[in-house]
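Required output: the full structure, derived from the provided sequences and hints.
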Amino acid sequence: YQDEDGLLSSYYPLVKATGTIDMSWVTAFLSGGDFDRDPAIMTINDGTNSVTFEMDDGTNTINAPNIAIDDSGDDADEEVNYAENLRHAIEYSSLDISVVRDGKILTLTHNKPGSIYNIAITSDSLDNRWGQKISGMSGGAEDEQELNAIIFPSSSNIT
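Converting from the sequence shown to this note's numbering requires adding 1410 to each position, the first position being numbered 1.
The reader is advised that the hints may include incorrect statements.
What follows is a list of derived Cβ distance ranges for each label pair [what the hints assert, rightly or not]:
| id | residue 1 | residue 2 | range |
| --- | --- | --- | --- |
| 1 | Thr1471 | Asp1512 | 29 to 37 Å |
| 2 | Ser1504 | Asn1473 | 33 to 41 Å |
| 3 | Ser1504 | Gly1468 | 23 to 31 Å |
| 4 | Asp1480 | Ser1525 | 31 to 39 Å |
| 5 | His1498 | Ser1548 | 18 to 26 Å |
30 Å max Cα-Cα, derived DSS-like pairs, lysine-lysine [what the hints assert, rightly or not]:
| id | residue 1 | residue 2 |
| --- | --- | --- |
| 6 | Lys1543 | Lys1522 |
| 7 | Lys1426 | Lys1522 |
| 8 | Lys1543 | Lys1426 |
Hints listed in this document are in silico derivations from the structure and should not be mistaken for laboratory results.
Note that this is a predicted model, so its numbers are computed, not measured.
By construction, the Cβ of each residue, glycine as well, lies at the ideal position given by its N, Cα and C atoms.
Rendered as structure tokens:
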């Protein structure tokens, strides 16, 4: 609402949902994994589109329409390569989500604000062996901090 003195108050901005994916689990998973028996799959949903990514060690069969994520790349650490390839796949998918990589950790941020985008990233593996390395998407909401702005009559017709 607008006060008499032109001060617009009680505006609560929306906050974007975020999440993280820590790819440091990949080496342990690969060393004990039979990907065809226990696929490393995660699904990310942005509220409109849902995309499933599947880790590929070169020996497993990727289930269609999952997007294969392998360890090809220039880094000597295959977990970094998996992280970079997953970052790239998310970035170029139909998801409305931005992603930044810092080493083996991906930080995801929904491009639109609001609690409607607090949709959990899901994973499938026996005994949820790597699900604990995934968090979010969460935190999207109305910010509890009130913002105030001065509205000048020449730039607004708010009454």
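Hints versus structure:
Checked against the given bound of 29 to 37 Å, the beta carbons of threonine 1471 and aspartate 1512, roughly 32 Å apart, stay inside it. Taking the beta carbon of each, serine 1504 and asparagine 1473 are about 18 Å apart, not inside 33 to 41 Å as hinted. At about 26 Å, the CB distance of serine 1504 to glycine 1468 agrees with the hint of 23 to 31 Å. Evaluation of the 31 to 39 Å hint for aspartate 1480 and serine 1525 yields a pass: the beta carbon distance comes to about 35 Å.
Between histidine 1498 and serine 1548 the beta carbon distance is about 24 Å. The supplied range of 18 to 26 Å therefore holds. The straight-line distance between the Cα atoms of lysine 1543 and lysine 1522 is roughly 24 Å, inside the 30 Å bound, and the hint therefore holds. Of the pairs offered as hints, the one joining lysine 1426 and lysine 1522 holds, with about 6 Å between alpha carbons and a cut-off of 30 Å not exceeded. In summary, the hint linking lysine 1543 to lysine 1426 is supported, as the alpha carbons are separated by about 21 Å, within the 30 Å threshold.
Of the hints listed earlier, the one the structure fails to meet is number 2.
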